[in-house]
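S.K.: These are the residues of each chain, in order.
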Amino acid sequence: MSANGTITQTLREAAAQVLSEEKVGVVIGYGRDDGQEFSTPVFLRKAEEVKRLVFDDLCFGNLAVYLPRPEIRKMGKTGIVVKGCDLRAVNVLLRENVIKREDVLLIGVRCGGVGQPQLPKCSVCELHDPGGCDVVVGEAIEQQEVKAEQRYTEAGKIEAKPAEHRWEFWQKQLSKCIRCYACRQVCPLCYCKRCIIEKSTPQWVQTSPHLRGNLAWNVTRALHLTGRCVGCGECERVCPMDIPLGAINQKMAKVVDERFGFRSGFSAQEEAPFTTFSTEDSEEGIL
Amino acid sequence: MGEQKLYQASANWLKSAVDALCAAGIEVLAPTQSESGKVDLARVTSSEQVIQSYPNTAFPLKRLFLPMSEVLLEYEKGEEGDVELGPKSAPAKELVILGCRPCDAAALEMLDKVFQWDYSDVPYQEKRDRTTVVSLACSEPSPECFCTSVGGSPQGSEQSDVLVFGGANSAALMQINTAKGEKFIERLADTVTPAPEGTKLPEPTELEQKFDPQKVKGWLDENFESNFWVENSLGCLGCGTCSYLCPTCHCFDIVDEASWNRGQRRRNWDCCSFALFTLHASGHNPRPDQAARYRQRLMHKFKVFPERFGRVACVGCGRCLKNCAVGQNLLADLADIESR
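First to last, the protein sequences are chains X and R. The opening position of the first sequence corresponds to residue -13 in my numbering, with each subsequent residue numbered one higher. The opening position of the second sequence corresponds to residue 328 in my numbering, with each subsequent residue numbered one higher.
Next up, chain R with everything else stripped away, as it sits in the complex (with noise of 0.2 Å):
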């Protein structure tokens, strides 16, 4: 987009955008916080449930468009033995998603190559085409951040239709960048007007630079045999926590769930650090042990998958070493990593 376009809107944009979304019959999804005190995104229906000032959502948006478990196809078979196949899919309605932070809707570019790599996954694709990503743009990082050690920015405004600057405390200034936008900007009406001519983006928020993800690889591509993944995987658990709160990890299993006449196929998430991951039917497990899942997940991030898709695997959200039971700090791991 050559010229970029700009709107600016009140304080209280977040609330308006929900009732003016709502009041159209649109779907939307903003920041909520749960009774345990975790804020994420949850479809509202009205604008009392939003809250508009926290440091990110507990989990990214991955689960929107590749859900924890979705059903493929589904068979129930007739008495007379005709099969009635499934799900019948309905029209994809309007979704917008509201207050996503940048990192999250960078990991999107991610998703989207592997689903629309050699094959364009349909019900992934669905969900993406049917929604709107209205993200926020970050005015202080936490300390677990490290967007831009990984190519991104607190402002940064990849996969993002709109990115929204300011807001909760001060008037918010809107960034267009594609026609799914524009749209959005149509609905809030006059709650928003275009920016007087020559209004300039914010200061981009700094955020430090914690290590270069070309070392990084430069490491990896001598040494998949290494002491360091015995070393550093010693704490680790085998647990699912950093897969699934991580925007970027997409692997999945296929299971059938079936009784008598009638079955479904589901697609459920699945981790590389669970044991089974790779387990054959023979009882080979070429990851053996945990170094080697340790291993597995690192160098899938930062270099098989840029070495594939051009960049790595990661936005720098932090959730893995926020969430980790054991405090196993990937930051620190790759600070090190580049040391050598």
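The shape of chain X in the complex, shown without the other chains (with noise of 0.2 Å):
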């Protein structure tokens, strides 16, 4: 059995209450098609799709990427699935004022982890408990404690190599960048309603998939996630061509943590470095 094995049948019940109860007019969850290997999304607005829902451990997306998206919105209160990596993401919508807490209902699962074997960041998950949710599903999973130096192994593999590596590294990870955006689109946090990428008057990025084009546009990305990024590696999933984006995140969110103290979407409250001025900042660099 695995690790999320049991969470179905409650996750079902919990979302035909709030849909029967009209608490929502449509809750985003997870469903199975026999042709993917993974959960895929599923929006469900009546009480009689939820045995559409499931949990496993295939369920890797984070759906908090569908909440700002007025397709969405036109449907009422959004119910939405979120296991606690997913639920960082919505703290930070709901924190840059993207989403109101009122116009979403959060349907926590406690997630034991996902993937066969599970992905790296589920080892070092620190919210497997999804607080501040309006209904929580699954049993109580002991949080194992994380040491500092665990969360950013990925960063700390490549920053081990010498400068001269590095850009050799990166220039061949970045020349496969086919410029599909996937990681753009998929990200919960990149919502802009036009990217800079996108903005011709004048032309601030290169759109060629040529190397020069594809550090500014990996650059721009990078920096513009940069103290909001929650680590859900969704980008890195979905890349065609396995650029390891989550390394260059993880490496941003070592920066801001070393400097500011800071990790991102454990809060909606939370006062991020980026829209907070203090004087006791350390005026390293640009960060």
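A portion of the hints provided could be inaccurate.
[As the list claims (entries may be wrong)] In silico contact screen, one side only, chain X against chain R (beta carbon under 10 Å); selected entries:
#: 1; residue: P54
#: 2; residue: P56
#: 3; residue: G62
#: 4; residue: I164
#: 5; residue: Q171
#: 6; residue: C181
#: 7; residue: I183
#: 8; residue: P195
#: 9; residue: L209
#: 10; residue: H210
[To be verified] Covered stretches of chain R (chain X as the covering partner; in silico rule of three or more C-beta atoms under 8 Å from a C-beta of chain X):
#: 11; stretch: 535 to 546
#: 12; stretch: 616 to 624
These are calculated hints, taken from the structure and not from any lab test. Think of the CB as a built atom: it goes at the ideal place given N, C-alpha and C, for glycine as much as any other residue.
From the two separate chains plus the hints, produce the assembled complex.
M.R.: Listed below in structure tokens is the structure:
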């Protein structure tokens, strides 16, 4: 039996209740499609549809990406199934006033981790139990202590290389980028109505998928997510070219953690370094 | 071609072909495996780099003829005000593609139709003319495959100069379809021999037909406005993965990249799933939401393209449904349409 084997039934009951009581207009959760290797998003409008809902080890997606979308918002209040890692993204959306708390109903799942084998992010998960949700389903899971050095291992592996090797490594990786923007589209925090990459008067970032353009795009993406990214790993999962985007995000998160003692998405009320001013801030470089 | 020309070769034909062609100084693309496990056609210089057993390559052939980014022209202004234009075209070198699958070869027909339509696209055609396509018939289609639903076959020979049966674990049989194919066989010298008279091609690999494109088109003809488009695109995130991995999607954008005294005009891939794709300078967008953009993608492939060119713009490779971030399943959507 998988770590998440028993949640489906209670999840369906919870979803059926909020739908039948008309507390929400839609519940966004995960369903199974036999043709797919992972559990895919489903959008339920009626209580009788809840049999389509599942929660298993293959619920990778961060459904928070759908919360700012106009076609979802016009369905009414949004019920959404969130794992702890997804909740962190919801917290950032709340913190940044993209969504209002009263417009969402959070159905938290106590998640023991996803992936077979389990994803690296799950082995250092600090939010098995998503706090602050309206409904929580699943058995309590013992929260293991996670040490600071365990959080940034992917970034650490690359930092350990000499500078010229790192440059060589990233040139090789970023040369592969085909500019499909799957990383941006899947990111709950890339919600800009018009991305800077799409601003063409003037053209700030070259759209051509040559190394120059790809570097500009990927550095832009990394900087715009610095101090905001919650490390859900969706960008890296969906990249059709296998670019290790998670390592870039981790590096940025590490810098923010070290300089400001801040980790994004643990609360909707948190004061983020880039939106607060403090004379205590260190002034090393641009971060 | 009237009489079918068949040759036979050893199970190791792919490696022998790579070595023979490389020794003759010909550029060769053959299946290789990357560190992350992806199989793709890559330039090889020795048969040691080549793998012989794989379901399909991660990427289709499109980018070899319509590169992701291609310099159409470049210029540099001299101090005297003189302008030098480029790129200077080098004589096209012969290229042989080894080991693509029949669906990917068949997709070249759709690209040919577009790029030779009312105007023969020079950069595309140059690359097409210099290339010989040697495909490998499928004996074990993958779960996402549906070539038989869109007029193809696991052993289809469309646009393949040579179609190879078997290999890897058994002797190979080569079906020669074009003059380019004959030239390829000549280069392999004594590693191939004419198949004995009466040699038959292997029995076709079975692959169930999963929908009927005619029925799908019948519904599309009547349902430009339908709630289907909204409901079935709710999950779509609007990235370009499906289009960019599609063997037949061919939309592009033309951009100028310039500095003070020099610049380039490039043709880059573009995608109808992007919000910017149809955004007008006025701010109006005729495809204002993902539902409209998703409809465009399906309509173009299964209604507009057949009306204009006589066949659907899909070869059933299944890359779109296999690689979609949220599991948008084209096959399930088409089956859904057919059942309506």
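S.K.: Kindly indicate which numbered hints from before are broken by the structure, ordering the numbers from low to high.
M.R.: The structure conflicts with hints 1, 3, 9, 10, 11, although it agrees with all the remaining ones.
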